[in-house]
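Colleague: Residues per chain are reported as follows:
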Amino acid sequence: MSVLASAPAVPPQQSSETDRRGPFLLSARRVLLRIGSALFVVWGTVTVTFLALAALPGDRATILLNLRSGQTIDRTPEELAPINEQYGFSDPLLVQYVNYLLGLLRGDLGESYELQRPVTAIIGEQIGPTFTLAITALLLAWIITVPWTLLTAGRGARLRSVGSAIESVTAGLPQYWAGIMLLLIFAIGLGWFPVIGGASVHGTVLPALALAVPLAGFIGQATRSEFDRAMRQPFVLSARTRGMNDLGVRSRHVLRHALIPGITLSGWAMGSLISGAVLVESVFARPGLGAVLVNAVSTMDFALVSGIVILISAFYVVINLIVDLVYVAVDPRLRGTV
Amino acid sequence: MTVVASLTPTPATRSRWRLFRRVPLSVAVAGLTVLFFAVAATAPGVLATHDPVSTDLGSALQGPSLGHLLGTDDAGRDLYSRIIWGAQESLLIGLGAMSIALTGAIVLGFLAGLGPRWVAEPVNRVLEVFLAFPTLLLALLLVSVLGPSAESLIVAVGVGTAPGYARLVRAQALSVKTSGYVEAARALGHSVLAIFAQHIAPNAFRPLVALVALGIGQSVVWASGLSFLGLGVAPPSSEWGVLLDASKTNITVAWWLGVFPGLAIVLVALSFTQIGRYIQDQSEGVEN
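Residue numbers (my numbering), protein chains in the order written: chain A, 1 to 338; chain B, 1 to 288.
It is possible that part of the hints are untrue.
[What the hints assert, rightly or not] In silico contact screen, one side only, chain B against chain A (beta carbon under 10 Å); selected entries: (1) P134; (2) L137; (3) V145; (4) P148; (5) S191; (6) V192; (7) L193; (8) I195; (9) F196; (10) A197; (11) V221; (12) G241; (13) L244; (14) D245; (15) V259; (16) L270.
These are computed hints drawn from the structure, not numbers from a lab. Don't be surprised by glycine CBs; every beta carbon is placed ideally from N, CA and C.
The shape of chain B in the complex, shown without the other chains:
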């Protein structure tokens, strides 16, 4: 397929369309899952069946049924509706953290990969230091300084995950820098800026689209983990990590409270990962 694409001079847009036309089933399912949670985040009223905050002690701790699809919590609140209403906060935190992580990663990764030696060397050293912190610990360090809140969760997870992405961006920048077409452009006497704008930037940025998808999924997992520890968003919210944290009290009698919020986290993370990997494979296919 890629061989054909490189031999026949078809316009780039058409060949790319052809590559995306046959989407595997798993990616289609992942796309639908993301769509579902995107609707939940933007218009929770459409999907929710109950008011997420109205308590009804008469129907507390009920298992899943037709009346309450995923059961109720200890205050009789409908778990399904709480998960739907929690999607917005969970996904916004994931989106925000991913933006911080990728912005930092792109700046540091490009400086380390493309910068002149006197810039690249120190940046590389700094990256090495930050890579020595396990993600969760770096995030916890920031939470302890900033105090627990949704905003500090975004910053903490963003900074915590940035070093790993920076390493990927650096590797990408390096491989583009040393590629044949950049060497050819240099041999032809193109200016450094022209080479960066025409060759390096487009080729180095394209694979990063995959990182956006991977990053959202991972950020949601980390942020929910911190909320689960009681160090993220505070309880009146129905962010998914908060729901999981609250499930600990009644875990022996109400399994659904521990299962479903976690399932939402896993579904979002897996779907974004699946989509990210697919984009990655596609962009590699186009390059080859």
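Looking at chain A on its own, in the form it has when it is part of the complex:
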């Protein structure tokens, strides 16, 4: 945080290493660069999304009219003109692009073709359950990974091979199939959870687990190799000679190092969790962004599709930016490498 707070006071020239404030200002400069590159990436995703939809075969006004009326017929120019006027479809591409960017700056993602309501309003209503699901899954994944690593990592070759075999299998499970299996076993077979749980707490457990189990396998793989490496470090021996017991060394010293790659992965995982949520929501018929997105894709409601894609990508970029910055704040070794 202090790194961020000092950011505006950076002089343009790089300060020398001998300056006492040197490394600190250096890192502040890099933080600014990192933020700049994140902004560039967000702009890039908007542009790519816009271009993808602009390259679309077929007339957008026709698609829009047919979507609203539920027909697939050719439209007369008289019918198309007001739509082209309203949405600016007949403007030059560059004008449409600039308008779209200006709208984005005002927080306006356009209007859904089908529902004829602002895209931001639709996303705002639906993002809650999806977000809850993703966050719960991330927490669950860590709740599974930490004890699992403490119990099975750094304890000899046999446990390692069993542990990493289980991790590769769970990491390779498609989230949608994990969801189906959990649904079959715990909701239909054992009846512990509702089959269609809606967005209730009780109904969130299984969908969150379906996302968490593959992720836990993935984080576990990264954590295990780092744990094994950290167990060979001198500080382990020195802690042991100070009389610290084995579990203490593992959980207080080794684990702390082992979690670092997993934390990086968590930033990446938020993107994959939110898109995985789309699939898992479909398994559990759960309300959220997933159903809206799937419907928007199949009805070619491009305003809604691009709004959701841009928003999730931007969210993903911001999360990863935060993870990187937290690193610099937490790990002094990384100052100057961001």
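Based on these hints, arrange chain B on the given structure of chain A.
Modeller: For chain B alone, coordinates are given in the frame of chain A:
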């Protein structure tokens, strides 16, 4: 083992053969699994026990039995035979998507890793942008533009997974470019083209063989996911994602419809991953 190989001047082919001779059990099982599904994809009639499309309402929604190994669906069609017949489409989509992804990844990754600065910089920026899209969303964006079909599924999954592979290829290209033997060749005055052909290309391409295997498995998973959402192949097909999608209607009474098509996806994905990792380890062993 690698030490011995590098000290004794054995021909490259022999030492490589020796490395591959002792294949671990898990890789052997993975190989057999892939072989099974490869046979299913090329000659489904050999493995299937029933006609995959003949309906028999009298035996609808039956559990697994000797007559129907993996049970039947709501139209009385044999699930095992449908999975076998679906292998072709599932694997072809995976193969096609992997080809697109790797071609794109190799071009972009090499340009970003080896190209002159004025090429590498912009390519790197573009890669960074594409890496910000979660795979599924990039694929969905393309499906919404191209419309749902097997062909657009191939393109969507190929483009969706390409950025991740491009990053791996770039890292590979960079590590080869900065390696000692390239530096030595440059110091000896070899031309840029000769260095690329003799040193960079062979060493940068070898690890990519592993990516081919990993890529097929991952593509099958993504493509089936899109079909599962109803945005891929259409229902008369028995592509595995389609089978899973159809299982949702009868999930409370017919567990086998949800379990086995997914198991096929998982088996294919895990087997290809296992083989890919093995090739990766082997090629690293040869290099060291």
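Colleague: Does each hint hold? Answer for all of them.
Modeller: Here's how the hints hold up against the structure:
1. Satisfaction of the interface hint for P134 (chain B) is found here, the shortest Cβ-Cβ separation to chain A being roughly 4 Å, below the 10 Å cut-off.
2. Proximity of L137 (chain B) to chain A holds as hinted, the smallest CB-CB distance being about 5 Å (cut-off 10 Å).
3. For V145 (chain B), the suggested interface contact is upheld, since its CB lies about 5 Å from the closest CB of chain A, less than 10 Å.
4. Interface restraint check for P148 (chain B): the shortest CB-CB distance to chain A comes to about 7 Å, inside 10 Å, so the restraint holds.
5. The restraint placing S191 (chain B) at the interface with chain A is violated, with a minimum CB-CB distance near 36 Å, outside the 10 Å limit.
6. With a least beta-carbon distance of about 30 Å to chain A, the hint placing V192 (chain B) at the interface is violated under the 10 Å criterion.
7. The closest approach between the C-beta of L193 (chain B) and any C-beta of chain A is roughly 33 Å, which is over the 10 Å cut-off, so the hint fails.
8. Annotation: interface hint on I195 (chain B) violated; nearest CB of chain A at approximately 30 Å, more than 10 Å.
9. At a threshold of 10 Å, the smallest CB-CB gap from F196 (chain B) to chain A is about 30 Å, leaving the interface hint violated.
10. The interface hint given for A197 (chain B) is broken, as the beta carbon of that residue sits about 34 Å from the closest beta carbon of chain A, more than 10 Å.
11. About 5 Å separates the beta-carbon of V221 (chain B) from the nearest beta-carbon of chain A, less than 10 Å, and the hint is met.
12. At about 9 Å, the closest approach between the beta carbon of G241 (chain B) and any beta carbon in chain A falls short of 10 Å, and the interface hint on this residue holds.
13. Satisfaction of the interface hint for L244 (chain B) is found here, the shortest Cβ-Cβ separation to chain A being roughly 7 Å, below the 10 Å cut-off.
14. Because the smallest distance between the Cβ of D245 (chain B) and any Cβ of chain A comes to about 9 Å, under 10 Å, the interface hint for this residue holds.
15. Here the hint on V259 (chain B) is kept, as its CB sits about 7 Å from the closest CB of chain A, short of 10 Å.
16. Given the 10 Å rule on beta carbons, the hint for L270 (chain B) holds: about 5 Å separates it from the nearest Cβ of chain A.
Hint compliance for this structure: hints 5, 6, 7, 8, 9, 10 are not met, and every other hint is.
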